[in-house]
Amino acid sequence: EKLGRIRVEGEVFPNTLPTFYSCLYRALLFPRKFFEYDEQNQPIYYSPYDGKVHKGVMYTDNGFWDTFRSVHPLFTMIYPEITEGVLQSLINVYNESGFLPEWASPGHRNCMIGNNSLSLITDAWQKGFRNIDAKRALEAMLNQTQAQGPVSSVGRNGYEAYHMLGYVPYPDYFESSAKTLEYAYADWCLATFAKSIGEEKIAEEYFQKAQNYRNLFDPQIGFMRAKNKRGEWIEPFEATEWGGPFTEGCSWHYTWSVFHDVEGLAQLMGGYEVMSQRLDSMFSAPNTFNYGTYGFVIHEIAEMVALNMGQYAHGNQPVQHAIYLYNYLKQPWKAQQRIREVMCRLYSATPDGYCGDEDNGQTSAWYVFSALGFYPVCPGTAEYVLGSPLFQKATLTLPSGKTFEINASNNSLENVYIKHVLLNGKTFEHNYLTHKQIVSGGKFDLKMSNTPNKKRGVEIDDLPYSYTEKKLEK
Numbered sequence: 001e002k003l004g005r006i007r008v009e010g011e012v013f014p015n016t017l018p019t020f021y022s023c024l025y026r027a028l029l030f031p032r033k034f035f036e037y038d039e040q041n042q043p044i045y046y047s048p049y050d051g052k053v054h055k056g057v058m059y060t061d062n063g064f065w066d067t068f069r070s071v072h073p074l075f076t077m078i079y080p081e082i083t084e085g086v087l088q089s090l091i092n093v094y095n096e097s098g099f100l101p102e103w104a105s106p107g108h109r110n111c112m113i114g115n116n117s118l119s120l121i122t123d124a125w126q127k128g129f130r131n132i133d134a135k136r137a138l139e140a141m142l143n144q145t146q147a148q149g150p151v152s153s154v155g156r157n158g159y160e161a162y163h164m165l166g167y168v169p170y171p172d173y174f175e176s177s178a179k180t181l182e183y184a185y186a187d188w189c190l191a192t193f194a195k196s197i198g199e200e201k202i203a204e205e206y207f208q209k210a211q212n213y214r215n216l217f218d219p220q221i222g223f224m225r226a227k228n229k230r231g232e233w234i235e236p237f238e239a240t241e242w243g244g245p246f247t248e249g250c251s252w253h254y255t256w257s258v259f260h261d262v263e264g265l266a267q268l269m270g271g272y273e274v275m276s277q278r279l280d281s282m283f284s285a286p287n288t289f290n291y292g293t294y295g296f297v298i299h300e301i302a303e304m305v306a307l308n309m310g311q312y313a314h315g316n317q318p319v320q321h322a323i324y325l326y327n328y329l330k331q332p333w334k335a336q337q338r339i340r341e342v343m344c345r346l347y348s349a350t351p352d353g354y355c356g357d358e359d360n361g362q363t364s365a366w367y368v369f370s371a372l373g374f375y376p377v378c379p380g381t382a383e384y385v386l387g388s389p390l391f392q393k394a395t396l397t398l399p400s401g402k403t404f405e406i407n408a409s410n411n412s413l414e415n416v417y418i419k420h421v422l423l424n425g426k427t428f429e430h431n432y433l434t435h436k437q438i439v440s441g442g443k444f445d446l447k448m449s450n451t452p453n454k455k456r457g458v459e460i461d462d463l464p465y466s467y468t469e470k471k472l473e474k
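Counting along the sequence shown from 1, when you hit position 60 you're at 60 in the working numbering, and nothing is skipped either side.
In case anyone wonders, no lab produced these hints; they're calculated from the structure.
Backbone N, C-alpha and C fix where the C-beta goes; we use that ideal spot for every residue, glycine too.
Hints may contain errors.
Capping the alpha-carbon separation at 30 angstroms, the derived lysine-lysine pairs in DSS-like fashion look like this [unchecked claim]: (1) K229 to K201; (2) K334 to K127; (3) K454 to K334; (4) K426 to K454; (5) K454 to K443; (6) K127 to K447; (7) K330 to K393; (8) K127 to K402; (9) K393 to K127; (10) K229 to K127; (11) K426 to K443; (12) K33 to K201; (13) K402 to K443; (14) K436 to K455; (15) K436 to K419; (16) K229 to K334; (17) K443 to K419; (18) K454 to K402; (19) K455 to K419; (20) K334 to K419; (21) K426 to K436; (22) K426 to K447; (23) K393 to K419; (24) K33 to K209; (25) K2 to K402.
Label pairs and their calculated CB-CB ranges [stated by the list, open to error]: (26) K455 to Y37: 54 to 60 angstroms; (27) I460 to P14: 23 to 29 angstroms; (28) Q42 to I221: 54 to 60 angstroms; (29) D50 to A134: 21 to 27 angstroms; (30) E205 to E238: 32 to 38 angstroms; (31) R7 to I234: 48 to 54 angstroms; (32) K443 to Y37: 36 to 42 angstroms; (33) E429 to G51: 53 to 59 angstroms.
Please build the complete structure, drawing on both the sequences and the hints.
What follows is the structure, encoded as structure tokens:
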């Protein structure tokens, strides 16, 4: 029943049907239900947070650092019953522990970084989910940014320094630059949520904080890097050095972690063309590395080297959205080519057909979305950025009973580029679809080609959302 909600037909690359459904299966393995039913058939659970039995639902075994990116957005579109339960569970955890969960296993686990529970709440709220108390949710979100929880992964590690300096300093805090970038995105999520419920003052404060990513961009070298508490760059800098101020990656991967403001990042880099060239260079750079503070070759490094796609490390999560950024830079055809390359080279239904970390379904959900032809680059915007569909036809059976049909005529192994698009029979030039357009049902018709259409998706209005409204190039 779950797999059947998405039907794909007409594979253009050998064995993609089993690959697709294997990935969809893995995307649905987590989170786990941590509740049962009483004699009145009402859900109850034992809380790993306060040791008591409560009415309601609880979900566990999920790391939001991974799954906020596309697993939970997949739920909001195709499996809303999961999203509704997860939202209730998030508030239950706050009620019982004083903090939102970030990695539940089954209670708070000290693993990974960020405040990505805020992404889950905001993304679902922006897509119309209303089964939680908004004021209580905002209270929980604010608390998550203003205190340190029982373990460093819960709440905000380094929140006082982040508030004072506008970034988390290194080496005072491990993984400080990655935390700064993820906190800035979380601040945008909080601001977006607050604005949607009329809390304008809070929204204004947190939209300002969401610009803190700018504090770690060095315009002299064009990369994100670490600063100490005196505001000085940490020297020496090496873009290929893993660990230290970054999490399971290096500056090549985290420089793109500005989900909510790609326009602002492009301006920092010097414009669309400069940023596009930097993205190009990620794939052409030598796949060398410095294992840095890890002290040895962690498996994520080994996987990047094995993939042999330059500094692009698709086997781990931080850089998985990066290819889609070409859509923000008036060069969507580059995204189409690279996305198809990744799907066909790095995924297959064979024993060695998985390119890295599964991580609760995230790497699989990337494939599911990308094979359909779009991806949620910035959860919380309710937008899906276009790529290159892998099938001739895909049909989404939506909870409302409606269907959204994706038809990619002339699709083949060579025809990776979008020539033109119709949405419900009307010409469609945008580089993104909205959640409302999809769940309302309809037909999305693409004509594919072996040559890029460099006139489509290149106007300002065709670009996906960025917080920075002023465009650099008219």
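Status of each hint after checking the structure:
As the CA atoms of K229 and K201 are separated by approximately 28 angstroms, the hinted pair is consistent with the 30 angstroms bound. Distance hint between K334 and K127 is fulfilled; the C-alpha atoms sit about 29 angstroms from each other, no more than 30 angstroms. Restraint check for K454 and K334: the C-alpha separation of about 10 angstroms stays at or below 30 angstroms, so the hint holds. Between K426 and K454 the CA atoms are separated by roughly 20 angstroms; this keeps the pair inside 30 angstroms, and the hint holds.
A distance of roughly 24 angstroms separates the Cα atoms of K454 and K443; the hinted pair therefore holds under the 30 angstroms criterion. Among the hinted pairs, K127 with K447 is consistent with the structure: their alpha-carbon atoms are about 29 angstroms apart, no more than 30 angstroms. For the proposed pair K330 and K393, the alpha carbon gap of about 26 angstroms is at most 30 angstroms, so the pair holds. Annotation: proposed proximity of K127 to K402 holds, straight-line Cα distance about 17 angstroms (limit 30 angstroms).
Taking the CA atoms of K393 and K127, the gap is about 25 angstroms. The hint holds against a cut of 30 angstroms. A hinted pair counts as satisfied when its Cα atoms are at most 30 angstroms apart, and K229 with K127 does not qualify at roughly 39 angstroms. With a CA separation close to 10 angstroms, the supplied pair K426 and K443 stays within the 30 angstroms bound. For the hint pairing K33 with K201, the CA-to-CA distance comes to about 37 angstroms; that exceeds 30 angstroms, so the pair is violated.
Between K402 and K443 the alpha-carbon distance is near 11 angstroms, which keeps this suggested pair within the 30 angstroms criterion. Taken as a hint, the K436 and K455 pair is honoured in the structure, with Cα atoms around 26 angstroms apart against an allowance of 30 angstroms. For the given pair, K436 sits about 24 angstroms from K419 by alpha-carbon distance, which is consistent with the 30 angstroms threshold. For the hint pairing K229 with K334, the CA-to-CA distance comes to about 39 angstroms; that exceeds 30 angstroms, so the pair is violated.
At roughly 17 angstroms between alpha-carbon atoms, K443 and K419 fall within 30 angstroms of each other, so this suggested pair holds. Distance restraint check for K454 and K402: the Cα-Cα separation of roughly 33 angstroms exceeds the 30 angstroms cut-off, and the hinted pair is therefore not satisfied. Taken as a hint, the K455 and K419 pair is honoured in the structure, with Cα atoms around 9 angstroms apart against an allowance of 30 angstroms. Distance check on the hinted pair: K334 and K419 sit about 13 angstroms apart at the alpha-carbon level, within 30 angstroms; holds.
Taking the CA atoms of K426 and K436, the gap is near 16 angstroms; set against the 30 angstroms cutoff, the hint holds. Restraint check for K426 and K447: satisfied, since their Cα atoms lie roughly 13 angstroms apart, inside the 30 angstroms limit. Between K393 and K419 the CA atoms are separated by roughly 16 angstroms; this keeps the pair inside 30 angstroms, and the hint holds. For a cut-off of 30 angstroms, the pair hint linking K33 to K209 is broken: about 35 angstroms separates their Cα positions.
In summary, the hint linking K2 to K402 is supported, as the alpha carbons are separated by about 16 angstroms, within the 30 angstroms threshold. As the Cβ distance of K455 to Y37 is approximately 57 angstroms, the hint placing it in 54 to 60 angstroms holds. Checked against the given bound of 23 to 29 angstroms, the beta carbons of I460 and P14, roughly 40 angstroms apart, lie outside it. For Q42 and I221, the Cβ-Cβ distance of about 58 angstroms falls inside the hinted range of 54 to 60 angstroms, so the restraint holds.
Taking 21 to 27 angstroms as the suggested C-beta distance range, the pair D50 and A134 conforms, at roughly 24 angstroms. For E205 and E238, the hinted distance range of 32 to 38 angstroms is satisfied, since their beta carbons lie about 36 angstroms from each other. In this structure, R7 and I234 meet the distance hint of 48 to 54 angstroms, their C-beta atoms being roughly 51 angstroms apart. Distance hint check for K443 and Y37: the Cβ-Cβ separation is about 40 angstroms, which falls inside the suggested range of 36 to 42 angstroms.
Between E429 and G51 the Cβ separation comes to about 56 angstroms, which falls inside the hinted range of 53 to 59 angstroms.
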